[in-house]
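In the order they appear, the protein sequences are chains X and E. Taking the working numbering, the leading residue of the first sequence gets 2, the next gets one more, and so forth. Taking the working numbering, the leading residue of the second sequence gets 212, the next gets one more, and so forth.
Derived SDA-like pairs: lysine to any residue, alpha-carbon spacing no greater than 20 Å straight-line:
| # | chain 1 | residue 1 | chain 2 | residue 2 |
| --- | --- | --- | --- | --- |
| 1 | E | K325 | E | A382 |
| 2 | E | K225 | X | R257 |
| 3 | X | K94 | X | Y116 |
| 4 | X | K74 | X | R57 |
| 5 | E | K314 | E | I247 |
| 6 | E | K423 | X | Q240 |
| 7 | E | K423 | X | Q237 |
| 8 | X | K248 | E | A286 |
| 9 | X | K248 | E | Y417 |
| 10 | X | K248 | E | T350 |
| 11 | X | K203 | X | P37 |
| 12 | E | K225 | X | G256 |
| 13 | X | K248 | E | A419 |
| 14 | X | K248 | E | E215 |
| 15 | X | K126 | X | Y111 |
| 16 | X | K248 | E | A421 |
| 17 | X | K74 | X | N63 |
| 18 | X | K248 | E | Y217 |
| 19 | E | K342 | E | E233 |
| 20 | X | K248 | E | Q283 |
| 21 | E | K357 | E | K368 |
| 22 | E | K423 | E | E349 |
| 23 | X | K38 | X | D204 |
| 24 | X | K38 | X | R239 |
| 25 | E | K423 | X | Q246 |
| 26 | X | K30 | X | E231 |
| 27 | E | K423 | X | R239 |
These aren't lab readings, by the way, just hints derived from the structure by calculation. Since the model is a prediction, treat every value here as computed from it, not as a measurement.
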Amino acid sequence: MTESVQNVSQPQIEVENLNLWYGEKQALKNISMQIPKNSVTALIGPSGCGKSTFIRCLNRMNDLIKNCRIEGKVSIEGRDIYGQDVDVVELRKEVGMVFQKPNPFPMSIYDNVAYGPRIHGASKKDLDGIVEQALRSAAIWEETSDRLKSPALSLSGGQQQRLCIARTLAVKPRTILFDEPTSALDPISTSRIEDLIMNLKKDYTIVIVTHNMQQAARISDYTGFFLMGELIEFGQTRQIFHNPQEKSTEDYITGRFG
Amino acid sequence: MVRERYLRQLDLLKESVLSLGEIVELIFRDSMTSVIDLDIGLAEKTLVLEPGVDKFEEEIEASIFDLLALQQPMASDLRLIVSSLKISADLRRIVGLSINIAKIPGRMEGGHVKPLVDTKRMADIAALMLKDSLMAFETQDVELAKAAAARDEEVDKLFYSVWVELIEMMAKDTSIISRATNLLFLIRYLERIADHCCNICESVVYLATAEKVRLN
Numbered sequence: 002m003t004e005s006v007q008n009v010s011q012p013q014i015e016v017e018n019l020n021l022w023y024g025e026k027q028a029l030k031n032i033s034m035q036i037p038k039n040s041v042t043a044l045i046g047p048s049g050c051g052k053s054t055f056i057r058c059l060n061r062m063n064d065l066i067k068n069c070r071i072e073g074k075v076s077i078e079g080r081d082i083y084g085q086d087v088d089v090v091e092l093r094k095e096v097g098m099v100f101q102k103p104n105p106f107p108m109s110i111y112d113n114v115a116y117g118p119r120i121h122g123a124s125k126k127d128l129d130g131i132v133e134q135a136l137r138s139a140a141i142w143e144e145t146s147d148r149l150k151s152p153a154l155s156l157s158g159g160q161q162q163r164l165c166i167a168r169t170l171a172v173k174p175r176t177i178l179f180d181e182p183t184s185a186l187d188p189i190s191t192s193r194i195e196d197l198i199m200n201l202k203k204d205y206t207i208v209i210v211t212h213n214m215q216q217a218a219r220i221s222d223y224t225g226f227f228l229m230g231e232l233i234e235f236g237q238t239r240q241i242f243h244n245p246q247e248k249s250t251e252d253y254i255t256g257r258f259g
Numbered sequence: 212m213v214r215e216r217y218l219r220q221l222d223l224l225k226e227s228v229l230s231l232g233e234i235v236e237l238i239f240r241d242s243m244t245s246v247i248d249l250d251i252g253l254a255e256k257t258l259v260l261e262p263g264v265d266k267f268e269e270e271i272e273a274s275i276f277d278l279l280a281l282q283q284p285m286a287s288d289l290r291l292i293v294s295s296l297k298i299s300a301d302l303r304r305i306v307g308l309s310i311n312i313a314k315i316p317g318r319m320e321g322g323h324v325k326p327l328v329d330t331k332r333m334a335d336i337a338a339l340m341l342k343d344s345l346m347a348f349e350t351q352d353v354e355l356a357k358a359a360a361a362r363d364e365e366v367d368k369l370f371y372s373v374w375v376e377l378i379e380m381m382a383k384d385t386s387i388i389s390r391a392t393n394l395l396f397l398i399r400y401l402e403r404i405a406d407h408c409c410n411i412c413e414s415v416v417y418l419a420t421a422e423k424v425r426l427n
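Between the sequences and the hints, there should be enough to build the whole structure, so can you do that?
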């Protein structure tokens with residue numbers, strides 16, 4: 002591991018010796034990493050390398066999968082998220098997630114964003130402000146402010162994805178996980194989401210899985226390279242794309258395999 | 212193995228830079244021989260090579276821009292491309308300075324004002340620096356690059372001693388000013404060529420280690 006990401010003084014996310022099995026098959030092997038606060042960390046690697054499995058450990062999405070067994074420790078803001086006392090619903094409020102395919106609920110734009118705050122008990126009078134703030138932060142307010150009651154599914158793919166980001170922001174998470182958020186979007190929508198992610202890191206810690214290496218290089222501060230369930234290298238993005246220390250990282254990012 | 216065409220383009224780029232280097236070594240050597248022997252025929256043969264070398268360097272540059280624009284090179288590939296761009300620019304400058312040297316014999320009516328012992332020594336060291344810097348590029352040999360660049364110090368020392376000697380000679384005998392000034396230019400060109408070799412060595416260190424160092 003590169004020196005610069007060792008012993009981060011106040012990591013937002015701290016993973017120690019994480020192992021994960023789907024039945025007999027081990028999908029993550031002894032992963033340890035410290036993800037700094039208010040940064041963008043990109044996870045790259047070929048299909049099946051474990052990067053999506055890993056990101057799903059950070060808000061316990063793998064709990065939903067049968068025969069999935071996890072060992073090791075994941076702490077977020079110093080708290081063991083696999084501890085006995087953890088309320089998973091509360092955890093997922095603090096650690097939001099945006100998926101590959103935009104998945105707005107079949108309801109209005111407004112109700113999509115208001116959904117989370119409502120179930121977490123936000124009062125009616127606060128909702129308008131929360132929705133506007135979330136839509137503004139997700140850079141989609143201008144396009145939607147005059148049609149908040151329209152169905153979310155009438156938006157374009159790129160707009161739907163920003164709406165999903167707004168929906169995530171509305172419950173005020175401190176960490177946001179993105180699982181290939183732009184792989185279904187055109188280049189312009191992609192660059193809007195990329196700009197948005199870079200702006201959001203002021204207030205959030207962001208972890209993004211991406212197949213697009215140029216995207217990782219453009220938007221992230223730190224990059225982790227996964228291969229066959231192992232974290233091969235984790236370091237500053239500049240370092241990883243300029244002078245990786247491991248040959249397999251070099252081979253992957255220069256397109257020698259993968 | 213994937214991206215075979217891209218990998219061939221990278222190999223070809225490196226070979227092209229090395230070929231350019233060989234031509235530059237030849238031009239530098241012949242320009243020095245022409246000035247030491249005051250061989251105008253050899254000087255003229257050297258002068259006509261410049262446009263072809265410029266064209267070759269432009270082709271290398273164009274292939275580099277294509278690779279950057281079309282292939283999104285990363286890591287050691289990116290470093291090879293960036294260092295090739297810088298090295299070929301330094302090589303082109305060495306050609307320009309060698310061409311200046313080859314123009315001197317035509318202006319030296321009456322012969323040299325002194326035997327060119329230290330000047331030849333400067334040229335020999337610079338030629339060795341050029342050869343070793345290119346070898347270091349080929350093999351990514353950081354130690355060889357650093358050793359080649361270290362010789363610049365001796366070139367600089369010789370430059371100052373010949374400079375002082377020529378100034379003193381001109382002060383004593385004003386009739387040699389024109390020819391002695393040509394030699395002042397010559398040693399200045401040699402000193403600059405050695406500096407460009409140091410730049411090449413710096414590019415080699417960057418290529419091999421991703422570190423930016425100053426070697427002169």
